[in-house]
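Residue numbers (the UniProt record's numbering), protein chains in the order written: chain D, 1 to 468; chain B, 1 to 468; chain Y, 1 to 468.
Wrong hints could be hidden among the right ones.
Unchecked claim - Only pairs whose alpha carbons sit at most 20 Å apart, straight line, appear in this in silico DMTMM-like list of lysine to aspartate or glutamate: (1) Y/Lys-100 / D/Glu-452; (2) Y/Lys-126 / Y/Glu-139; (3) D/Lys-126 / B/Glu-447; (4) D/Lys-100 / B/Asp-456; (5) D/Lys-212 / D/Asp-171; (6) B/Lys-100 / Y/Glu-452; (7) Y/Lys-156 / Y/Asp-182; (8) Y/Lys-143 / Y/Asp-55; (9) B/Lys-126 / Y/Glu-447; (10) Y/Lys-100 / D/Asp-456; (11) Y/Lys-467 / Y/Glu-240; (12) D/Lys-100 / B/Glu-161; (13) B/Lys-100 / B/Glu-90; (14) Y/Lys-126 / D/Glu-447; (15) Y/Lys-212 / Y/Glu-232; (16) B/Lys-100 / Y/Asp-456; (17) B/Lys-467 / B/Glu-161; (18) Y/Lys-269 / Y/Asp-196; (19) B/Lys-181 / B/Glu-161; (20) Y/Lys-100 / Y/Glu-48; (21) Y/Lys-200 / Y/Glu-274; (22) B/Lys-100 / B/Glu-139.
Everything labelled a hint here was simulated from the structure, so no lab data went into it.
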Amino acid sequence: MSPPPAANPDRLLPADPGTRSIARELLARVEDLPIISPHGHVDAAMLELDTPFPDPATLLVSPDHYVTRLIHASGVPLERLRMGGATAVEPRDTWREFAKAWPLFDGTASGYWMRDSFQHVFGLSKEVNEENADALFDELDAKLQSPAFRPRQLFKNFNIEVLATTDDPLDDLAPHAAIAKDPTFTGRVLPTFRPDAYIKFAAAGWAGRVEKLIAVAGDGMAGYAGYIRALENRRRYFVEHGAVSADHGVRTAQTLRLDAVTAATLFDKACRGEATAADADVFEAHMTYQMARMSVEDGLVMTIHPGVFRNHHTESFNRFGADTGHDIPFAVSYTEALRPMLEDFGTAQGFHFIPFTIDETVFSREIAPLAGFYPSVYIGAPWWFLDAPDAMLRFRSAVTETAGFSRSSGFIDDTRAFCSIPARHNTSRRIEASFLARLVAESRVSEARAHEIIVDIVDAAPRRAFKL
Amino acid sequence: MSPPPAANPDRLLPADPGTRSIARELLARVEDLPIISPHGHVDAAMLELDTPFPDPATLLVSPDHYVTRLIHASGVPLERLRMGGATAVEPRDTWREFAKAWPLFDGTASGYWMRDSFQHVFGLSKEVNEENADALFDELDAKLQSPAFRPRQLFKNFNIEVLATTDDPLDDLAPHAAIAKDPTFTGRVLPTFRPDAYIKFAAAGWAGRVEKLIAVAGDGMAGYAGYIRALENRRRYFVEHGAVSADHGVRTAQTLRLDAVTAATLFDKACRGEATAADADVFEAHMTYQMARMSVEDGLVMTIHPGVFRNHHTESFNRFGADTGHDIPFAVSYTEALRPMLEDFGTAQGFHFIPFTIDETVFSREIAPLAGFYPSVYIGAPWWFLDAPDAMLRFRSAVTETAGFSRSSGFIDDTRAFCSIPARHNTSRRIEASFLARLVAESRVSEARAHEIIVDIVDAAPRRAFKL
Amino acid sequence: MSPPPAANPDRLLPADPGTRSIARELLARVEDLPIISPHGHVDAAMLELDTPFPDPATLLVSPDHYVTRLIHASGVPLERLRMGGATAVEPRDTWREFAKAWPLFDGTASGYWMRDSFQHVFGLSKEVNEENADALFDELDAKLQSPAFRPRQLFKNFNIEVLATTDDPLDDLAPHAAIAKDPTFTGRVLPTFRPDAYIKFAAAGWAGRVEKLIAVAGDGMAGYAGYIRALENRRRYFVEHGAVSADHGVRTAQTLRLDAVTAATLFDKACRGEATAADADVFEAHMTYQMARMSVEDGLVMTIHPGVFRNHHTESFNRFGADTGHDIPFAVSYTEALRPMLEDFGTAQGFHFIPFTIDETVFSREIAPLAGFYPSVYIGAPWWFLDAPDAMLRFRSAVTETAGFSRSSGFIDDTRAFCSIPARHNTSRRIEASFLARLVAESRVSEARAHEIIVDIVDAAPRRAFKL
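Based on the sequences and whatever the hints tell you, model everything.
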């Protein structure tokens, strides 16, 4: 009898017995290392206040668009999943929908993480199914109300050493400051500067937001000059509050160096509400270049996440808001797009630039060759739809032969699902062990070196890439 | 001694003994299930009339451009393969060319299917080679003249439950009606509505064909309005004759919602022979949208097959016609292209939309994310050049981690080679078993669930996606 | 205890014991066959004069941009690697930088080749590391000064039967002629016609170079007509000196048939220094077509290497010149781009056209389908960043199911690193054995046929594709 998948200590390791045994040893070297999470979307206030988690559906289903999307695809309306603040159904009903849909998640990354956390975080007594949905809801609910499942206790159990959040440039970062001063909290919770909503002309409320930004942090300057100054100032504020990186949800990877007059003209046009979509693209490319320039100056690591068509289904967006499961990737290119920026900053001392992608064709074709030459370029770990066992193996296969193991960012969980963090990092460690074990089995890397490499990948790489 | 490849009961299963043993059990669950073939190109009249098959070359070589293309690449002129009605050589000579070229097919999908049907359909006594070409021609020829090899008997032997054909909108579907009424024929043979030749301005004879369409089915209306009405009427006629789907060999996946006046203007321009290539693209995109609208109304499942440059070599096209081996794929994108249609119909009740692709980069990047949100979108099985063991494994790996197993169309053989149907479906079942076996071996899916999933994939998925 | 990776006779073979044992037998069939290298960048004069090699750093590090790039990415300035003729540091210091960076190469193709040649060409006594850098420098240096490590002796030891160089159209090919006449030299050293610098308007010195070309070989004709005539004449000169192919480092795969007047107009514009970047692209596409036309006439095999953004980092280019590690691939397409040429020459008697790519998405989508129909098209082996174990396996998986094994070019080492040639060919043979062994283990190819196929791939394919 095999153990249930999530309880199998060999889960995700390769089937071939010889390779599996190598992988097991490699995994043992890193499985218990602390978690370093340099990019994600957990709310710092939750950790500051140690707020008890809500019921299981509100914690595990409604806010996680990785999970709700597949249930929606099976025909369940988003309101039944309490998306976008919908309250027409009870959390228990949402949980029942989830339990009914649970078999759909077999083979998916989300399904793997959930099963792993049901087993290892929550110690659920049974597999989820339609029949025991209510019982498991109650079992989980009871646990979530107990002190053992408070955020701070879980943070400790999860062995998290560093956790980065993602924050609005005007955020006062009070929770981060409070946590940093709290002697009872030993982990590092770092903010990340994310200025998208102040850069994309088409973002709802852009003009008002920018006006406020300039008023608050523009040193009395107006217009484009005040805007640039204010962004520089807020970045400095973030650095003072422990930030190590700035993140950019750009539409494409395009960069562009406009002169200040041209940039200001576009900016003013947008302030008057007259900018076209093409203007917005040009300005965004210019600002990506500017953000690199600021990173060179203030030392914040720069990460970009391009190539996603956000809010593909307008009706769902209008009714339930953003992040409701219909952000769809498209093809991107980096070689020509990044050139204006890399020409000027690609070899700049101390500059770290981490491109992520969901278009996996660029790993072997563009990103590995770029990271294999430019000291500033680190290869972003597989992101979003690619943050899954097979996709991670394809990633390593695609980049390693060109760029080796030293040029990667290390694992990024990129999640708002706090309870899934250990499962995600554990998955990554198992896959790294699996990939390296194959290279050892094929005499491409010595076993001794593989043991060094896996520790480097899991522990040193994120510290190095993110300057931790 | 290993058995010859086609006789090995473990063929296509993974080499690792533990994984193979899991795969064997999974295969046993589905190997003998009836064949459901919801998309293909077999001629219904052949089954109506139970016409004896012609000689082996005319049956197995000349009409199959998967086979003739590789022989042509090796230097054999198409006339020697009796393409496009060429009769300069005898069928036996064409068969000799095939036998001589047989080693070229090692490792190809076509070679695998042919070997499989030589073994399991025809029970050939020897491997094909140049020396025994004549003897095998005679052996096959004799079998093909016997009652055991008539179409209806093979249909029964193959255990086909449903077989869809592909038909011209003005086809009277008499063979389908005759088969449906025939109490001695137990399978379902369904027509499929394929209007390409009435939509693409550049298709030879477009204007005359459209004129006839409007005259026959336009309810007395003229021009664009009559055209739309006629298409609606003919779709209804197909539905009445059992059709469950409409298929579209579109150039790209672009969709577009034009107002009726703009569409009519383009249509009239084309009728006058004045439409440009750009006009044709716009009109085709508009009609793809219109076809989705009609599918929402009449319930026909909508399938698209974009991204193929048809008739790449003009000289071969002029001499031998279409489907002679030089249709070459190119890169396509779906995320932005499908949006106008999915905005309006993506969540429409009962709408089923199945995009196929030969550009495998879109599986993980676009199609799985789309099918993982929109209830209407089912992932088309690997098509054409991708309908092969390794490509099918890449497909499952690319889509499953995002969309699970429930969002796929199920296997489609898409073939005019009737005798290859069992080999194709059997290949697919073996690959599904292989993929699932690996997930079980890696503790990603429980063995019990894998047994449920493989039955779902093979049997329930095509029924679900195609409303059978 | 496992042997060190490079000493393991099973290195690169699949981990599964059954598959490995099949692969071992397949490898034994081809491991000792002579090396056929129909495309590369070794200097013929080195073999003519049998010049002793320089010190280890100047031989193995500085000229190899596969190696220097990753050291540069780790933060070492190119001058410390003695790039572009820099002499500020001693070779021994460059070697120390290499030794320090050596762990970065684990898992890379370059690392594998270097380790393999340290073991099998140089018989190094220890693994490279920072501590023994000096000792190994001295050990290698002493060997390189001994007669056993002269180019001609190594050429013999490497068992090279054919080695093609890459040459300027105006090169007098004296070294090739001298080698051909030398009875003590038994291998064939063949020139390759590479006219890029005479075709790309933007290449530095284009006008002067073209002027000289016309003066030398234009048969007294002037302008575009003289240019075409001169290219034809120089190709003939190459053919007379044993050339079998012409190579083209085109920007994209675009081909175009301009009439002579239009082409001449562009040419004249470029001579006046007035051509735009768009003009240059059009002219290059036209010349790719013209080169195909000439290949049809003079029989030179035509190879193209498109899709690389050369000299991505201008500052590094200005300081250190071309080929210094920042050539970065981008997405390309072939289906529409090659059509003008294939329409006219795709089925021309004796024409051989070999497209290479670093954009691996085109293997299954475009190149295999093209080579599976056009008798002239041979699939270029994995090139540059794709010339690595995993990438070669992906290549075989991507093309074989469509085009079988007969349509590939055979392995191309494409290297200027003479001492790495045996390692590169050996790697390829091991990967071919691994791929075929899997097909045998999965009953997709019989073991007997696999033994024939591997000999065909390794030995017959390059002779066939390159007319050797």
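Quick rundown of the hints versus the structure:
1. Simply put, Y/Lys-100 and D/Glu-452 have alpha-carbon atoms about 15 Å apart, close enough for the 20 Å limit, and the pair holds.
2. Proposed proximity of Y/Lys-126 and Y/Glu-139 is supported: the alpha carbons are some 10 Å apart, at most 20 Å.
3. Proximity of D/Lys-126 to B/Glu-447 is assessed by CA-CA distance (about 17 Å); at most 20 Å being required, the pair is judged to hold.
4. Taken as a hint, the D/Lys-100 and B/Asp-456 pair is honoured in the structure, with Cα atoms around 16 Å apart against an allowance of 20 Å.
5. With a C-alpha separation of about 12 Å, the suggested pair D/Lys-212 and D/Asp-171 falls inside the 20 Å cut-off, and the hint holds.
6. For the hint pairing B/Lys-100 with Y/Glu-452, the CA-to-CA distance comes to about 15 Å; that is within 20 Å, so the pair holds.
7. About 14 Å separates the Cα atoms of Y/Lys-156 and Y/Asp-182, which keeps this hinted pair within 20 Å; it holds.
8. A distance of roughly 10 Å separates the Cα atoms of Y/Lys-143 and Y/Asp-55; the hinted pair therefore holds under the 20 Å criterion.
9. Between B/Lys-126 and Y/Glu-447 the CA atoms are separated by roughly 17 Å; this keeps the pair inside 20 Å, and the hint holds.
10. For the suggested pair Y/Lys-100 and D/Asp-456, the alpha carbons sit about 16 Å apart, so the restraint of at most 20 Å is met.
11. For the proposed pair Y/Lys-467 and Y/Glu-240, the alpha carbon gap of about 15 Å is at most 20 Å, so the pair holds.
12. At most 20 Å may separate the alpha-carbon atoms for a hinted pair to count; D/Lys-100 and B/Glu-161 exceed this at roughly 30 Å.
13. Only pairs whose Cα atoms come within 20 Å are accepted, and B/Lys-100 paired with B/Glu-90 is accepted, the gap being roughly 16 Å.
14. Taking the CA atoms of Y/Lys-126 and D/Glu-447, the gap is about 17 Å. The hint holds against a cut of 20 Å.
15. With a CA separation close to 15 Å, the supplied pair Y/Lys-212 and Y/Glu-232 stays within the 20 Å bound.
16. Our distance criterion of 20 Å between C-alpha atoms is met by B/Lys-100 and Y/Asp-456, whose separation comes to about 16 Å.
17. For the hint pairing B/Lys-467 with B/Glu-161, the CA-to-CA distance comes to about 14 Å; that is within 20 Å, so the pair holds.
18. The straight-line distance between the Cα atoms of Y/Lys-269 and Y/Asp-196 is roughly 18 Å, inside the 20 Å bound, and the hint therefore holds.
19. With a C-alpha separation of about 16 Å, the suggested pairing of B/Lys-181 with B/Glu-161 holds against the 20 Å cut-off.
20. Taking the CA atoms of Y/Lys-100 and Y/Glu-48, the gap is about 35 Å. The hint is violated against a cut of 20 Å.
21. Restraint check for Y/Lys-200 and Y/Glu-274: satisfied, since their Cα atoms lie roughly 14 Å apart, inside the 20 Å limit.
22. Pair hint B/Lys-100 plus B/Glu-139 holds up; C-alpha atoms about 17 Å apart against a cutoff of 20 Å.
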